[in-house]
Amino acid sequence: MNAWTWAVDGWIIAIGALSAIACAVPGAFLVVRRTSMVADAISHAVLPGIAIAFLLSGTRDPLFMFLGAAAAGVFATLASASLARFARIDSGAALGIVFTTMFALGLLLIVQVADRVDLDPSCVLYGAVELAPLDSILIAGSEIPRAALVLGAVTLLNIALAFIFWKELKLMAFDPALARTLGCRPKLMESIVLGMAAATCVAAFESVGSILVVAMMIIPAAAARLFSDRLAGVIVGAMIVGIVGAVLGHWVATSLAPGLVTGGRDASSAGSIAATLGALLVVCIIISPRRGIVVRLAHRWLLTLRIAREDALGLLWRLDEDGRAVDVAQLRGLLVRGSAIPNWLARAAIARLVRDGRVECAGNVARLTAHGRVEGASLVRSHRLWEIYLMQRLAIAKDHVHSTAMVLEHITDSAMRDKLAREEGGVGDHSQPLADPHGRAVPEAPGEK
Amino acid sequence: MTTADQPASAHPTGCEHSSTSPLSIHALTVAYHRRPVLWDVDLDVPAQSIVGVIGPNGAGKSTLLKACLGLIPISSGKVRVYGKPYEEQRALVGYVPQRESVDWDFPVTALEVVMMGTFGRLGWFHRAGKQERAKAREALDSVGLADESHQQIGQLSGGQQQRVFLARALAQSAQLYLMDEPFASVDAATEQAIIAVLRRMRGEGRTVIVVHHDLETAREYFDWVILLNTRVVASGPTATTMTHERLRQTYGGRLTLLDEAAQRMQKAQLG
Amino acid sequence: MIGLDYNTQVVAAATALLGGAAGVAGCLLLLRRRALMGDALGHATLPGIAAAYLVSVAMGGTGKEPWILLAGAAVGAIAGVIAVLVIRRGARVSDETAMAIVLGAFFGLGTALLTVIQASPKGHQAGLSSFILGHAASMVASDLRAASIVALACVALVVLLTKELRLLCFDESFARTIGRPVRWLDALVLLIVTAVVIAGLQAVGLILILALLILPATAARLCTDRFATLLPLAAALGAVSGVGGTLVSSSAPNLPTGPCIVLFAAALFAVALIFAPRRGLLARASASRVRGSPS
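Chain order of the listed sequences is B, W and R. Under this note's numbering, the first residue of the first sequence carries the number 1, and numbering increases by one thereafter. Under this note's numbering, the first residue of the second sequence carries the number 1001, and numbering increases by one thereafter. Under this note's numbering, the first residue of the third sequence carries the number 2001, and numbering increases by one thereafter.
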């Protein structure tokens, strides 16, 4: 089973990918609006809809099933919303009450009709995407699975609705209060989103199963949210993550799983796709460019190193001011104590400064180069200007300003120094050079006034 | 008389914190998401007084109380309650949170909420008994809610809910009270009732620190004020501290450079 | 229960105990505003169960030892809770989204493992899928013992810590200022819920256990405004649902017990929703008519 046959595997992947694309539009809204469990509620509530449709129509006609399921999905969202509103029940609890009750009812009904028709509740739960290619319709000479057609239609519908109501939907997603004042009819938009979610759940549950629809709808959108703050970005990103999840998940089910645990047997594709999506989300959490763990760690590491380098330059400049000379080991010792950093970090910072031509070691004495002197002066200037500012503007005690200025000096550029100098220049006595609270002169920085 | 340019004179000079002060704060800095909201706060609050914390919205008034109570982590600095860390002095400190901080639909009666004030001393597994019940009733009575004790809290008016919180604090039998906006959106009668209770507490030797934002009534209510806007602009006796110039400093110009620095620190994830 | 056969008596007693415990645990979830956590927890048990089976078989066992499967379920549920917390922080999404993610991904993993197990020759008889929809009719005396232990432990813990739990649910920050370890209390609440979910797997299954947690609790909440009454009332409603559902289910063929219990609980909820003294729909309607304006 390791080699894929495209007539089967190709369609399975296509159906998975189509579900992902169809789910992306409502999924993005649910995630941004923080009402993700609605997807869970709809997908469970579908069960009695199908059973009732069968009892009423007496056939297993997909159209009746689809209508029954969609009606049940819409009913679940409306019922839980009114329960929350009129009976003042917590919205999460109201959702849970409605969908579990409907699911229980569905189970009971399905058992009643089980002898007349093959409706398997577990099939509704996990779906059978492996069987979907077998149920196909002949269109223009080629066999196209019915699931693909249904999903394709819902995908088109969702995309069309998103295009038509784009402005309103976007406004409603991020600022419903503003949407209301602008007359965007947020209630109507909310219903459109819920309708989309219901139609998509119903179209997808047959192939990927009802609970896995939840995964398809929520996980890719949550992952895409890590990469984009814009609605369009979230939707497109969710489509991409969903498609990758479908392909990878099917591969896991048919190639990886049999090799690893199952001794040659395939795992459920739908289940594997959902689990793979979960794994993809974890990967996204780790690598996301703005909020990812890797980026944060790298950023922190670079920042720590930069601060250590700047502290070393400032230290050397101050030593120079006092006419003291130190060797590299002494410099390192002072840096370790003054900046409270580990020894290896101080070593790395000094080595980097020497390599960049900011510090030179003449004999054993560490000295600033001309370049390093300019940067050291700027840093000390920032530090002392902040000390003055903190004392005068914030009335912070003289013995406290140093530690705060130690932090602020590292985020101060020349524009900010100029502003600081202008503010403090206006306060003090102009005939004398500016001096910090400890009586030390604020160094001039080249090119700054 | 010193000029306003030397605020150090109106402000306890950093180091000499008296160990008997109900609340003394030293070099306290607090940041939310790495953005500082309180910078280097130094304070000594005098005993047996009603102290107002005054400042514009977003000045960090509630943050100051929460940081003192250990509800939010502090970046640096220390807080001492009667000379010792808060964790050792919990029993001496009572807290009145903002009214919006809890769900008033919660299934408890006014009396049950007030009895929660006795739980700190009661310890785990012990049930509240007659003694606690009597104490809670007494506290409810003293805020004028004896008749409402068995009402579910959601059925009380806003002012009554605020007084329930006050009664809970009374039931704590603390020495130092931190109250977050107890006068927010209450009717005039309730406001008078609350201030009467606060004065009675002061008469019993307790210290009350109140976050407040009405400048009109502040002069009348407080013995001592702390003017706060990210940093302490001034603190001292109300009459001499609430000058026009200091209020202008507190409510007027933002410290644009400091704001800019705070933004950059947040962006650089520094601090 | 006189006149019922022994099996039905066992099932009714076990589901009554379970319903009572679920009612109590559900109140805590409801007051903590985390009702749907029960759903994430329930779904997260599936991969734990399947993995426990695979481990048991790999180590030469039969994979049918109930305590191994339930231990696996507990591990899965706890992993699910941790995943919810980690994802909420790591992906900066709402509580609800984190729960939906966990229940989708964990259930997917469980499904994948389950299909593999069922394809194996022995796996089909393992009956693991009965954990999804429940199979109360197969409960025996040992299950009754387990249910009573869980119910007693939950009720004992909640009774001992009523004061602390009420404080936690009502005013978390006040609880912290008087030195209560809020995190540990929170973990305890989730642990109690986990125990109830695990104990309920066999009776109602991992999907419907949510109903048993929140239906009696919400119904009781509609009927009373007092914490002291809420917990016993929810427990009673849960227990009545257990017995009632079991009796209904045994009254006719083709009525599975789990859904019957849930629908019985839903019926009790509907009665409370309409007739509750102050919060019921009728009481509200008449109150707003007296005032002359709809509120």
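No wet-lab data here; the hints were simulated from the structure. Hints should not be assumed to be uniformly reliable.
With a Cα cut of at most 27 Å, we get these calculated DSSO-like pairs of lysine-lysine [what the hints assert, rightly or not]:
id, chain 1, residue 1, chain 2, residue 2
1, W, K1135, B, K398
2, B, K419, W, K1267
3, B, K419, B, K398
- request: Please write out, lowest number first, the hints stated earlier that are contradicted by the structure.
  value: Of the numbered hints given earlier, the structure breaks just one, which is hint 1.
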